[in-house]
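Protein chains: 2
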Amino acid sequence: CFQCRYFTAFLAYGGSNLVLAAAAAAICAYIAPAAAGSGIPEVKAYLNGVDAYSILAPSTLFVKIFGSILGVSAGFVLGKEGPMVHTGACIANLLGQGGSRKYHLTCNWLRYFKNDRDRRDLITCGCAAGVAAAFRAPVGGVLFALEEAASWWRSALLWRAFFTTAVVAVVLRTLIEFCRSGKCGLFGQGGLIMFDLSSTVATYSSPDLLAIILLGIIGGIFGGLFNFLLDKILRIYSIINERGAPSKILLTIIVSVITSMCSYGLPWLASCTQCPEDAVEQCPTVGRSGNYKNFQCPPGYYNGMASLFFNTNDDAIRNLFSTGTATEYHMSSLFIFFVAIYCLGLVTYGIAVPSGLFIPVILAGATYGRIVGTLLGSISSLDPGLFALLGAASFLGGTMRMTVSVCVILLELTNDLQMLPLVMLVLLISKTIADSFNKGVYDQIVVMKGLPYMEAHAEPYMRHLVAGDVVTGPLITFSGVEKVGDIVTALRITGHNGFPVVDEPPLTEVPELVGLVIRSHLLVLLKGKMFMKEPVKMSGSFVMERFGAFDFAKAGSGKGLKIEDLHFTDEEMQMYVDLHAIANTSPYTVVETMSLAKAALLFRELGLRHLLVVPKTPYRPPIVGILTRHDFVAEHIHDLFPSLNPHNFHSASMGG
Amino acid sequence: CFQCRYFTAFLAYGGSNLVLAAAAAAICAYIAPAAAGSGIPEVKAYLNGVDAYSILAPSTLFVKIFGSILGVSAGFVLGKEGPMVHTGACIANLLGQGGSRKYHLTCNWLRYFKNDRDRRDLITCGCAAGVAAAFRAPVGGVLFALEEAASWWRSALLWRAFFTTAVVAVVLRTLIEFCRSGKCGLFGQGGLIMFDLSSTVATYSSPDLLAIILLGIIGGIFGGLFNFLLDKILRIYSIINERGAPSKILLTIIVSVITSMCSYGLPWLASCTQCPEDAVEQCPTVGRSGNYKNFQCPPGYYNGMASLFFNTNDDAIRNLFSTGTATEYHMSSLFIFFVAIYCLGLVTYGIAVPSGLFIPVILAGATYGRIVGTLLGSISSLDPGLFALLGAASFLGGTMRMTVSVCVILLELTNDLQMLPLVMLVLLISKTIADSFNKGVYDQIVVMKGLPYMEAHAEPYMRHLVAGDVVTGPLITFSGVEKVGDIVTALRITGHNGFPVVDEPPLTEVPELVGLVIRSHLLVLLKGKMFMKEPVKMSGSFVMERFGAFDFAKAGSGKGLKIEDLHFTDEEMQMYVDLHAIANTSPYTVVETMSLAKAALLFRELGLRHLLVVPKTPYRPPIVGILTRHDFVAEHIHDLFPSLNPHNFHSASMGG
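Residue numbers (full-length UniProt numbering), protein chains in the order written: chain R, 1 to 656; chain D, 1 to 656.
Keep in mind the hints are simulated off the structure, nothing from the lab. Positions of the beta carbon are idealized from the N, C-alpha and C atoms, including for glycine. Certain hints may be false.
[What the hints assert, rightly or not] Take a look, some chain R residues computed to stay more than 10 Å from chain D by CB distance:
no.: 1; residue: Cys179
no.: 2; residue: Met448
no.: 3; residue: Ala456
no.: 4; residue: Met530
no.: 5; residue: Val536
no.: 6; residue: His580
[As the list claims (entries may be wrong)] For each label pair, taking beta carbons as the anchor points, the in silico distance ranges come out as:
no.: 7; chain 1: D; residue 1: Glu504; chain 2: R; residue 2: Leu606; range: 43 to 53 Å
no.: 8; chain 1: D; residue 1: Asp570; chain 2: R; residue 2: Pro618; range: 17 to 27 Å
no.: 9; chain 1: D; residue 1: Thr174; chain 2: R; residue 2: Trp268; range: 41 to 51 Å
no.: 10; chain 1: D; residue 1: Glu509; chain 2: R; residue 2: Glu504; range: 17 to 27 Å
no.: 11; chain 1: D; residue 1: Glu504; chain 2: R; residue 2: Met573; range: 45 to 55 Å
no.: 12; chain 1: R; residue 1: Gly300; chain 2: D; residue 2: Gly287; range: 53 to 63 Å
no.: 13; chain 1: R; residue 1: Pro618; chain 2: D; residue 2: Pro474; range: 20 to 30 Å
no.: 14; chain 1: D; residue 1: Lys527; chain 2: R; residue 2: Asp639; range: 31 to 41 Å
no.: 15; chain 1: D; residue 1: Glu509; chain 2: R; residue 2: Thr508; range: 49 to 59 Å
no.: 16; chain 1: D; residue 1: Asp278; chain 2: R; residue 2: Leu209; range: 36 to 46 Å
no.: 17; chain 1: R; residue 1: Phe552; chain 2: D; residue 2: Pro474; range: 39 to 49 Å
Chain R on its own, in the form it takes in the complex:
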């Protein structure tokens, strides 16, 4: 029967989607849960100094690449751009730690990135490369890394990121050239410019400007709402996802079925339209991509909604951006498509599949841009395709709150320099409006995941506190020559990563701060078992003969020594070890009466992990406490000072 054939087709379509989705969710849930989602918030937190476990591990990289391929193939409303940024960061991390020891892929000459800053720089370049590859936008990649990803920025880093994306551009260009003859499917299409609009000459007048301001306002409101709803949905999803891998897979399957039903079912609502006489492209479309999908229509007719729904996301964007096709889509088709994409984009992000937000946001934005353009067709002379571009810009500005990078990425995507002032205007308006509601979507996810992100500015309430106020807990200090047992106990019972070293009489006349030792260096020293029977100071060179600089280099994530791995005899526990050689003798310090706001600025701008608080007056122990990232987090400060102005505190919590 007639209906049965369509139903069988749906089963085949939905079934393949479901299998692909389940496979993506399975590898994600079982191998690397950290690979779910966009990855941009996590990379952003890493570059801020939060070493979250396994965010950049090789297993995450594997799942990110294949999960993303499976996820995109499954027809979800999600993008590959965010995952490509995360992939770039993972590859950079792998290179930076000299390959993976676990998988026996090591490379000695790659081991020169053994400190925090170099590794962060490398990962920033990885992010830039990811964006450059995803959008074929090398300059946009540099700007994305600068505006969204990186927390610290140096002139040298700008130049390195630029170098990276230049290489990406040349490689991409070569591959595209190689694939131009159609050897690699859709890859070679469009060249470096994915959605070419350059043929359109844009001249605009005052009514156009008004329309664009309206578009900016709509973008700001929809963007703010999107972020608000996404936050709520992610909180619900996190409850489901916490139940374990089967729940994650089930949720993914449900979303997959809904998506399949939308993309196969909704086009039936649209009526068939006769092909325009003057269509530039073939109508109806033959093959995979094109403006005029035939779907269920008779020959010579096309189904506008199917051109949007029953298509790859990239092709749907290309169709929305296409100019000279003002009457192609019915208003109702566009409206239904917008609502469906907006909702599907919201419910898809939190599932256990690598998923980017760029594509859903561009799709939804382009759709309402085209709606506005069609509605205002009588008063504005701009093409609906250009309105779609501006709509995409406004929604990107409203959700992600990036300005320069979105502007350049859109410029490089569409090659439409004439539109630049309008794109800038619409971005400014939508960002300003959305900023009055809530934070950008990535910042919001960082907060939701509880990552201790340090903002660039200090919160206002910090001005009323001093550094000494937030120092808590019993401070554990070591002597310059300390008993092994004490060190081992301290390392076992606490999770601290930094310990002040204080020389005490009889080594010095008065107690004196030597510096700071960090856990990983202590472990290396303990493993070397250079212990002494008596507490005497050794010469520093003696230690350096025994160890090389590489021994103290920062290990890859999760690969460092652990105190549980070391075992000591009772005799060894009674011996002494000299900490002078491994102590950082120039730790950054603040006086206890230093304003907390200024201490936070110091901590953030210099990218510290520990900040020592020293007493203001003499005749006291030479160290008051240690500040770490967690001591600057709003929740921690609120616990200590519940009396702080709650309104200030609320805004702080939002900003923390």
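Chain R is fixed; fit chain D onto it per the hints.
Leaving out everything else, chain D in the frame of chain R:
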């Protein structure tokens, strides 16, 4: 006679140039000597924290605007782009200090930028606006401000700079629209894209890549050489210019005469060429701008060298970039033009006229790019016009060492996105090669002018020193409640801007550091004459009742109080004043044993002006010394430690 008429024409041409040049030099030498040159190095130093006198004063602004107009009109080989950046910075400064009190142009609502950081941000935005206006490149403007001008960068600043340039773009666009009908001379021409190349389809192959690598190498060598020679010439010029205004004017006149002779004389060396049959433009050119200047040739012929020399700089660039005109210029014409522009660019920069380097550099680069393109015409399929663009990129990379911003500026100038990978490649090569010779041209000028610029990175030799090593001179500290006479004497005999305040017994039990007072705040307090007969501590609120926050706000450059303006009776000199209320009680401090490299990093990253050095051990005065910007300068450290490794020191000196 025939020759006489040409000679009269030369006199008229050279004479007008000379009068305009003399006028430019006169206003520059007599009104604002600081307006000479590009202004970018000075703005860069200001944004680094060097408050050089009158760099951003209203008189400088005036001379910069009119001097630049006169200088460009005089036919010099110089650009208006650098001066426009400086102009933007001056206007921003004027707005930031709430107008000019000297010229009775004040505005109260503009007085909210009364601290260093806000004013610096505003001036950074001014720079961005200047570039955006000069090149009609809004995104390029933001990137220029980020890559070249600013020393500190925050996410909020990116967004503000973007806002500024968006406004510039919209205003420019409106003015161009208004001028399109030719009401404003050449202004409306070309729209937002000044040198449109978008019609050219660029496909390139491996031989093209080799040609481009060659171009990058040439650019690096020529760029390094240009910087080297410019440094030498500027040192010679500075001796001449130091002799006073008449010498400056004379030097300018000499350069003007040479320039006039070159642009009028050299075209005579070229033979006339017959107009091509298939020329897109009218040939020979009618009117002011065009590819085919008639000059002395008979009708139907044109003089290629005159099209380059006897033209505005902008038109010469447009002619060089023009595509489809491969055989337009003789090789010899291009070669002579290149040598002349290279040398004229070098001798023009140091004269007492506002002069930018972008235009000479783009001109020279485009010329040798076209030469290379013509020479390699047999093996490369790229148009010589595109080679000219790549040549300009390579020379910009070789002299200015900017990457991302040059790339985006060129993209926005030419609208040629397809060339982006090639432009990136050529920039990378030329910058890398030139960096092995010397520093970027702006950095070099900053060093030559002796401005204490703080580099983002600490020099290697600083690792061998500690903060206490470089503290010099007798330290002047004040008591919390200090005698007026002592303060006045200290302010009179020293030029210091910051003084530590130390509470001593009997006010406290032991000597204790209160904080830091700065000169301008002390002067405000002294002017208020809130003196006491006895040394007792007052309540802070008492001071705050008397003064408003505005009284302590940072004054405009050169407008603050001076100690010479204040007069005190003998009785007042014996009285006391309480400094607690105006002291900054949270100054940043380092321990004297802190590595100098880390102290420099702290100083630079936080944008400090004073850094207090505190003792490591108790039982000593609570303050060891104060570090300022000058204490980190290589020369100062070299004076203190002549024994430091001279090789290290040499590289330090280059980088300092």
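Going down the list of hints, with the structure as the test:
Every Cβ of chain D is farther than 10 Å from the Cβ of R/Cys179; the closest lies at roughly 14 Å, confirming the non-interface assignment. Every Cβ of chain D is farther than 10 Å from the Cβ of R/Met448; the closest lies at roughly 20 Å, confirming the non-interface assignment. For R/Ala456, the shortest C-beta to C-beta distance to chain D comes to about 5 Å, within the 10 Å cut-off, and the non-interface label is violated. No Cβ of chain D approaches the Cβ of R/Met530 within 10 Å, the least distance being about 25 Å, so the stated non-interface status holds.
Residue-level check passed: R/Val536 sits 22 Å from the nearest beta carbon of chain D, beyond 10 Å. With a cut of 10 Å on Cβ distances, R/His580 stays outside the contact zone with chain D, its closest approach being about 13 Å. Restraint check, D/Glu504 to R/Leu606: a C-beta distance of roughly 33 Å breaks the suggested window 43 to 53 Å. At roughly 39 Å, the beta carbons of D/Asp570 and R/Pro618 sit outside the given window of 17 to 27 Å.
The hinted window of 41 to 51 Å between D/Thr174 and R/Trp268 holds, with their beta carbons roughly 48 Å apart. At about 24 Å, the beta-carbon gap between D/Glu509 and R/Glu504 stays in the expected band of 17 to 27 Å. Taking the beta carbon of each, D/Glu504 and R/Met573 are about 49 Å apart, inside 45 to 55 Å as hinted. For the pair R/Gly300 and D/Gly287, the supplied restraint of 53 to 63 Å holds, since their beta-carbon distance comes to about 54 Å.
In this structure the hint that R/Pro618 and D/Pro474 lie 20 to 30 Å apart at CB holds, the actual value being about 23 Å. One distance hint, 31 to 41 Å for the beta-carbon pair D/Lys527 and R/Asp639, is violated here, with the actual separation near 46 Å. For D/Glu509 and R/Thr508, the Cβ-Cβ distance of about 24 Å falls outside the hinted range of 49 to 59 Å, so the restraint is violated. Look at D/Asp278 against R/Leu209: about 41 Å separates their beta carbons, and that is inside 36 to 46 Å.
Range check, R/Phe552 to D/Pro474: Cβ separation about 42 Å, and the 39 to 49 Å hint holds.
Against the hints set out earlier in the document, violations occur for numbers 3, 7, 8, 14, 15.
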